[in-house]
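Colleague: Based on the sequences and whatever the hints tell you, model everything.
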Amino acid sequence: MSGAAASQASQSTRGSPSRPNITFRDVAAEAGITPRLVCGATDKRYILEVNGSGCVWFDYNNDGYVDLYIANGSTIANLRNPGAVRDRPRNYLFRNNGDGTFSDVTLRAGVEGAGWGNGAVAADYNNDGFVDLFVYNFGKNILYRNNGDGTFTDVTVQAGVGGGNIWSGGAAFADYDNDGYLDLYVSGYVDFDIHHPPERSQFNCTFRGKPVEVCGPRGLRGAPDILYHNNGDGTFADVTAKAGVVDKGLYYGFAVAFEDLDGDGKPDIVVLNDSNPNYFYHNKGDGTFEEVGATAGIAYNHEGVEQSNMGLAMGDMDNDGKMDLFVTTFADDNYTLFHNDGNGVFSDISYPSGLAEPTIPFLGWATFFMDYNNDGWKDLFCVNGHVYPEVERLFKDVGYRQPPQLFENRANGKFRDVSLEVGLGRFRLPGRGGAFCDYDNDGDVDVCIVNIDDRPVLLRNDGGNVAGHWLQVKTVGTKSNRDGIGALVKVVAGNLTQHDRVRTGGSFLSSNDLRLHFGLGEHQEADSIEVHWPSGTVDRLTHVAANQALVVREGQGPMPSHYRPFAAGTRGSASKSRTTK
Numbered sequence: 007m008s009g010a011a012a013s014q015a016s017q018s019t020r021g022s023p024s025r026p027n028i029t030f031r032d033v034a035a036e037a038g039i040t041p042r043l044v045c046g047a048t049d050k051r052y053i054l055e056v057n058g059s060g061c062v063w064f065d066y067n068n069d070g071y072v073d074l075y076i077a078n079g080s081t082i083a084n085l086r087n088p089g090a091v092r093d094r095p096r097n098y099l100f101r102n103n104g105d106g107t108f109s110d111v112t113l114r115a116g117v118e119g120a121g122w123g124n125g126a127v128a129a130d131y132n133n134d135g136f137v138d139l140f141v142y143n144f145g146k147n148i149l150y151r152n153n154g155d156g157t158f159t160d161v162t163v164q165a166g167v168g169g170g171n172i173w174s175g176g177a178a179f180a181d182y183d184n185d186g187y188l189d190l191y192v193s194g195y196v197d198f199d200i201h202h203p204p205e206r207s208q209f210n211c212t213f214r215g216k217p218v219e220v221c222g223p224r225g226l227r228g229a230p231d232i233l234y235h236n237n238g239d240g241t242f243a244d245v246t247a248k249a250g251v252v253d254k255g256l257y258y259g260f261a262v263a264f265e266d267l268d269g270d271g272k273p274d275i276v277v278l279n280d281s282n283p284n285y286f287y288h289n290k291g292d293g294t295f296e297e298v299g300a301t302a303g304i305a306y307n308h309e310g311v312e313q314s315n316m317g318l319a320m321g322d323m324d325n326d327g328k329m330d331l332f333v334t335t336f337a338d339d340n341y342t343l344f345h346n347d348g349n350g351v352f353s354d355i356s357y358p359s360g361l362a363e364p365t366i367p368f369l370g371w372a373t374f375f376m377d378y379n380n381d382g383w384k385d386l387f388c389v390n391g392h393v394y395p396e397v398e399r400l401f402k403d404v405g406y407r408q409p410p411q412l413f414e415n416r417a418n419g420k421f422r423d424v425s426l427e428v429g430l431g432r433f434r435l436p437g438r439g440g441a442f443c444d445y446d447n448d449g450d451v452d453v454c455i456v457n458i459d460d461r462p463v464l465l466r467n468d469g470g471n472v473a474g475h476w477l478q479v480k481t482v483g484t485k486s487n488r489d490g491i492g493a494l495v496k497v498v499a500g501n502l503t504q505h506d507r508v509r510t511g512g513s514f515l516s517s518n519d520l521r522l523h524f525g526l527g528e529h530q531e532a533d534s535i536e537v538h539w540p541s542g543t544v545d546r547l548t549h550v551a552a553n554q555a556l557v558v559r560e561g562q563g564p565m566p567s568h569y570r571p572f573a574a575g576t577r578g579s580a581s582k583s584r585t586t587k
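All residue numbers for the sequence shown refer to the working numbering, where the first residue is 7 and numbers rise by one.
Treat the hints as calculated values from the structure; they're not laboratory data.
Accuracy of the hints is not assured; some may be wrong.
What the hints assert, rightly or not - Restraint ranges, calculated between C-beta atoms of paired labels, are given here:
1) Gly269 <-> Asn27: 34 to 44 Å
2) Arg432 <-> His308: 29 to 39 Å
3) Arg224 <-> Asp403: 21 to 31 Å
4) Leu400 <-> Pro564: 50 to 60 Å
To be verified - BS3-like cross-link-like pairs, simulated, lysine-lysine; straight-line CA separation at most 25 Å:
5) Lys272 <-> Lys254
6) Lys290 <-> Lys254
7) Lys272 <-> Lys485
8) Lys290 <-> Lys248
9) Lys402 <-> Lys216
10) Lys146 <-> Lys248
11) Lys254 <-> Lys146
12) Lys290 <-> Lys328
13) Lys248 <-> Lys272
14) Lys290 <-> Lys272
Here the structure is a predicted model, which means the values were calculated and not measured.
All C-beta atoms in this analysis are idealised placements derived from N, C-alpha and C, irrespective of residue type, glycine included.
Modeller: Structure below.
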């Protein structure tokens, strides 16, 4: 065995007798999450009909159980003749009942949406202690203010964040100017006219040289991005031009996320663009930004080529304290891992990391870093699915419905595809959006996948809580924004040092749970936890027992948690949760 192989073998314990098996099981039906979603006609003639929709995990009623919101599309016929539609498609809010099931409370809560839903992001924009909901659409976007009584109010017009009649491809909240209020960035995708849609006869639309029905985005006009500044009084101001983030190229924008990528303490903005170079807006600290994507190394891949960028994952893949980026792309192109080399410079390490070749056959959408086996190293989850239904007729080696992929972090700069080992290989899904959350509060992370023209999948992690110890951290800001978005959390447990940031957006049309999940491996406590708040305040905790959920209030340390594990016997692996000895 070579030295490299021996090293990798020593790192890998997957499949050894001492390690429990981890399986992801679809429990959507028994959980009550069964709506069949809509995204145009099933034969897919137009680009509007192929991108699907997404979801967001958030605890809207502060009961300690994280709830799920799923956006839903529509049809071009419905939009052309809205008065003729009796039962138009709507979005869904599922309340987590705390027993493994969810209840559809959409109509009672008043968040059914309007028009063609794409995605959603949740954050407490007015700092009142209740998480609000922003739904971005093809058409006017919607801001739902959480009333704190289980209902929401549409305050879009009052807040000034409707965005006009554009097609929004992504959104994220963060406090870019550190004034204690969350600002909002919304990316624009394509300028699409439902009354005069682009026909295939206008273009030469092909895939692998074969004619296909859907055209775009190349050849179509893009839609502009918008940056909204939170005025602190319930309203927002469009500061796109003032802040220097005008989408001059009208690129086809998708996933958006804020992150301090150069270590200067200020949140920068990353925007993925489909078939265009990605944007990296460096925060100059005076309310303005400078676009540096090309010089930073994330605008293009290692070949200097722009990719069809869809989904975005942010996380510290090598535990060096700097956030790396992972991007999903179109079929016959590898997904791309950008390593953060420091000082805002990145390197494409897709091939050395082992992530390039396994992803080339697939077409990727949602993606995120998550520690599925609680070993203290961030793994990568990818949601896949093709855009052309006719590919199965045209090619023998391409499927429209594709399996999701899970890449295990080997703790040596490399990843290994463990999709088959954890049960993901049995799924064939028309995947699009997706997000992770420990929805059953058992100490391991679960995944929701939103499928186009199909039902969602809820993948429950069975065994991750046995494989390793864990900690969960929820932040509550006082000087900083209430959700603590932008806070950097550092956890040290023996030889493990991890960093993660509270953030929204990323993925694809989706947003993960705001609670941070840290695997601790065999460590039964964290030696220390540091929370670095946007305000500059630092909270430090020492000798924190594993296998618990913490709520850290800015300047006050840990506080009583609403976290409540499911009752014993209400889910398959609850009895297998680890406890500290």
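Colleague: Does each hint hold? Answer for all of them.
Modeller: Outcome of the hint check:
1. Gly269 <-> Asn27: 34 to 44 Å: 39 Å Cβ-Cβ, so the 34 to 44 Å window holds.
2. Arg432 <-> His308: 29 to 39 Å: Holds, since Arg432 and His308 (Cβ atoms, about 34 Å apart) stay within the stated range.
3. Arg224 <-> Asp403: 21 to 31 Å: holds (24 Å)
4. Leu400 <-> Pro564: 50 to 60 Å: holds (57 Å)
5. Lys272 <-> Lys254: holds (24 Å)
6. Lys290 <-> Lys254: Between Lys290 and Lys254 the Cα gap is close to 19 Å, so the pair holds against 25 Å.
7. Lys272 <-> Lys485: Distance of about 16 Å is within 25 Å: holds.
8. Lys290 <-> Lys248: At roughly 13 Å apart (the allowed maximum being 25 Å), Lys248 and Lys290 satisfy the hint.
9. Lys402 <-> Lys216: holds (13 Å)
10. Lys146 <-> Lys248: holds (23 Å)
11. Lys254 <-> Lys146: Roughly 22 Å separates the two Cα atoms, so the pair holds.
12. Lys290 <-> Lys328: Answer holds: Lys290 to Lys328 is near 19 Å, not above 25 Å.
13. Lys248 <-> Lys272: holds (18 Å)
14. Lys290 <-> Lys272: With a Cα-Cα distance of about 8 Å, the restraint between Lys290 and Lys272 holds, given a limit of 25 Å.
Of the numbered hints stated above, none is contradicted by the structure.
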